[in-house]
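> From first to last, the protein sequence lines are chains L and Z.
Per our numbering, residue 1 is the first one in the first sequence, and the count goes up by one each step.
Per our numbering, residue 1001 is the first one in the second sequence, and the count goes up by one each step.
Bear in mind the hints are in silico, worked out from the structure with no lab data behind them.
Keep in mind that this is a model prediction, so the values were computed, not measured.
Errors might be hidden in some of the hints.
Restricting the straight-line Cα-Cα distance to at most 16 Å, the calculated cross-link-like pairs of lysine to aspartate or glutamate (EDC-like) are [as the list claims (entries may be wrong)]:
#1 L:K2 - Z:D1242
#2 Z:K1307 - Z:D1208
#3 L:K455 - Z:E1014
#4 Z:K1053 - L:E18
#5 Z:K1258 - Z:D1242
#6 L:K2 - Z:D1108
#7 Z:K1215 - Z:D1082
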Amino acid sequence: MKNILKFNPELAKNIWLELSLQRLITMPAILLLFVFLIFSLNSGEENPWATVHYFSFYGFIFIGILWGMKSSSDAILDEHNEKTWDWQKMSSIGPWKLAIGKLIGSTIYNWYGALICWGLFMYSATYTNQPKAEFKTGFLLVAIMVGLHGLMILIALQLIRRTNANTKIKSNRIFLSGILFAGILSSIFSYFTLLGSSKMMQLTWYGIAIPSLDFLLFTSVVYTLWILAGLYRSMRTELQFTDPPSWWLFFLIFHFIFQYGFFLPEGKMVDLSAISTTLTLLFVETILLTYLLALSENKDIVLFRKLINSLKSSDFPTFYKYVPLWLITLPIAKIAGFLVLLLLLIFDENPILKTILKDYSITSKIELVGFYLAMLLYVVRDLGILLLLNFSNRPQRADTSMLVYLVLIYLILPTLTSGLGISVILYPDITQGIIPLIGFPLVESIAVVYFLVKKWQEISFNYQQNS
Amino acid sequence: MMIIVSNVTFDYPEKRALNQVSFQIEPGSITALVGPNGSGKTTLLRSIAALSKPISGEIMVNGYDTLLQPREVHSQIGFLQDLFGLYDTLTVYQCLSFMAYSRITDKDEVESAIENAIEQVGIARFLHKKVGILSRGMRQRVGIAAAIVHRPTILLLDEPASGLDPEARYELSNLMVNLAENGMTIIVSSHILAELADYSTHMLVLQDGNVVEHKKLKSNPISRAFVYLEIGAEHDLAPLLDKIKLFRGVTEILSVDKKLHIKLDTLISSKHQFLKDLISENISVNDFSEVKINLQDEYIKTVSQYKLNKSK
Chain L
1 MKNILKFNPE LAKNIWLELS LQRLITMPAI LLLFVFLIFS LNSGEENPWA
51 TVHYFSFYGF IFIGILWGMK SSSDAILDEH NEKTWDWQKM SSIGPWKLAI
101 GKLIGSTIYN WYGALICWGL FMYSATYTNQ PKAEFKTGFL LVAIMVGLHG
151 LMILIALQLI RRTNANTKIK SNRIFLSGIL FAGILSSIFS YFTLLGSSKM
201 MQLTWYGIAI PSLDFLLFTS VVYTLWILAG LYRSMRTELQ FTDPPSWWLF
251 FLIFHFIFQY GFFLPEGKMV DLSAISTTLT LLFVETILLT YLLALSENKD
301 IVLFRKLINS LKSSDFPTFY KYVPLWLITL PIAKIAGFLV LLLLLIFDEN
351 PILKTILKDY SITSKIELVG FYLAMLLYVV RDLGILLLLN FSNRPQRADT
401 SMLVYLVLIY LILPTLTSGL GISVILYPDI TQGIIPLIGF PLVESIAVVY
451 FLVKKWQEIS FNYQQNS
Chain Z
1001 MMIIVSNVTF DYPEKRALNQ VSFQIEPGSI TALVGPNGSG KTTLLRSIAA
1051 LSKPISGEIM VNGYDTLLQP REVHSQIGFL QDLFGLYDTL TVYQCLSFMA
1101 YSRITDKDEV ESAIENAIEQ VGIARFLHKK VGILSRGMRQ RVGIAAAIVH
1151 RPTILLLDEP ASGLDPEARY ELSNLMVNLA ENGMTIIVSS HILAELADYS
1201 THMLVLQDGN VVEHKKLKSN PISRAFVYLE IGAEHDLAPL LDKIKLFRGV
1251 TEILSVDKKL HIKLDTLISS KHQFLKDLIS ENISVNDFSE VKINLQDEYI
1301 KTVSQYKLNK SK
């Protein structure tokens, strides 16, 4: 144990916390009992290993991935709730060691059970029709497990950063884990679809035909590495380093290049249609990310005061160091959208986008420009309301209120008022004509910005009075 | 100077917690950080510990900037917070081992550092008990051991005596003195001013995020008090004073008639020696007592003056 303590104290601590002789015996005992049961119940079957294969796959998902997701997020939340996190922040453990110690250490018991399942899965794969594909699936499961655990730690870190030190966070408050769980589970379950029919299916990326399973494995590994990079950066923040958001920008660039490969025709490296399609995708993704990050990041007044002061004194390095990710993602969305607009207006030769635009009843160039402007103005309106809620006297539930507002504006009200022709007040709707399309969001965003400026002036006045 | 705080301002969304705070802390001193709830004590301690970032100003800890070199600052500081947590399912020894290995970079030093912390804090007898079953006093000791296990030069304690019984408080006081004797610079925030008076060399008063007073109470934590002495009427004062000045440990004498206030350089050994010298010189003593600094009075006086100035 001393050697582990020397190598990574966080890992050693987690081994103490998570592993006991009783637990070490229970896990294999239960799993082997299941295998024994499978063999007993399927004694007449031709291939009971096929059932074991099936069982070990689900065992890995349940013990390794799902239970592991809970263990990994709990590891951070427990530190916050039990007030031990500040000890960690003051330790000399580096961000990388701390991240790995948490990632592997907090889920060490899940790894223990998952590896038993994994061993069974890989061994039983030899009894299946496509053992090679099954082996690859085995590695895919491991990559997904690491990636999801890392993601849960990232979410938990984000949550404790914006929560008062004396406020306990209930582990079930990471409702996102449920959403993620559902999404990821479905993608893992699609393994069976792949297994059945399309495991041999190929897709083209940068003109290269790659079997879909291989590509899935490659994608999982690459994005897991990005999650680990994000985890490292997040741990650095916890250890009081102040870093500019350059890695986030690198990720978005990487993401653009990665997606570009899907739309590139064979034998070409530059293609305007592929660029405009990828930029459109990036535009939509960065808009969604802006909302997601704005809802999850810290938005306290002190941060904005610091940002405004650094801008006033032209101290741009300080501004760049402290700028929240959502505030840096929004301009990227705007730029991506603007470039798409430019490419469509000048070249006008993207069949995929033309079809999509037609679906939205956008037929002329002026409508296209209007739609783009309306989208951006509605984003300004929504983010302005989010800030107004956060700057209010009771900001505790601001982000939850905003979520409710978003559901109301973009889901419930449009459904209730469909056919009344008032949807253009809520979101970009070209069917009402170009003037309402731009006019309504312009008025709404100006109103929100006006109230935001008034609120800021009021806060600044009160602050000066109290100082 | 061990800690230099210059023009530090710290804001919370709803209020300013520290307003242009400046002061310096001498090495080897014990500073009583006092002030009402919400005066900014915890924020100040967290800023010194490089756990919270002020919006302006600079804090230098043993030559390291808390904003630019937080990791170096962490290596210099042991910090026990008001509501600190420990890993309840670990044993005391496991808990200390984890803290030591995670804080000490030279891994060959770790075992001796753990032994040292155990000895200093006096927790050897419950090393193999689970942290979760310890009493509040014992838990506090383990917390202090965890805070000092990496042999920091500075120890910050936020309300360390709250919730402790009188015996545990007494032990904590002695521990403070022992740590200071070993050269540690200590800042203690507490509401229990009588206890702070026992060992504090300085008093730093915070009110509404401002430093209202920062004064020296005595030159070192061990010379905790003056001795009050009333000598018999039969003695001539002048020759007697000359004689007492030569006693071991006596550093200063103030006299009003035959009532003397004598400052000793160390409390326990000097007081004992001083009494022995009085008897051996056949000096008749009508009254003898230890004079304690009344921190409560000092604090009330300072705060009243601040409020008066503010109202003007």
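> All the hints need checking, so say for each whether the structure fits it.
Okay, the hints, checked on the actual structure:
In summary, the hint linking K2 (chain L) to D1242 (chain Z) is not supported, as the alpha carbons are separated by about 62 Å, beyond the 16 Å threshold. A distance of roughly 11 Å separates the Cα atoms of K1307 (chain Z) and D1208 (chain Z); the hinted pair therefore holds under the 16 Å criterion. Among the hinted pairs, K455 (chain L) with E1014 (chain Z) is consistent with the structure: their alpha-carbon atoms are about 13 Å apart, no more than 16 Å. For the suggested pair K1053 (chain Z) and E18 (chain L), the alpha carbons sit about 34 Å apart, so the restraint of at most 16 Å is broken.
Restraint check for K1258 (chain Z) and D1242 (chain Z): the C-alpha separation of about 14 Å stays at or below 16 Å, so the hint holds. With a C-alpha separation of about 11 Å, the suggested pairing of K2 (chain L) with D1108 (chain Z) holds against the 16 Å cut-off. Straight-line distance between C-alpha atoms of K1215 (chain Z) and D1082 (chain Z) comes to about 24 Å, which puts the hinted pair past the 16 Å bound.
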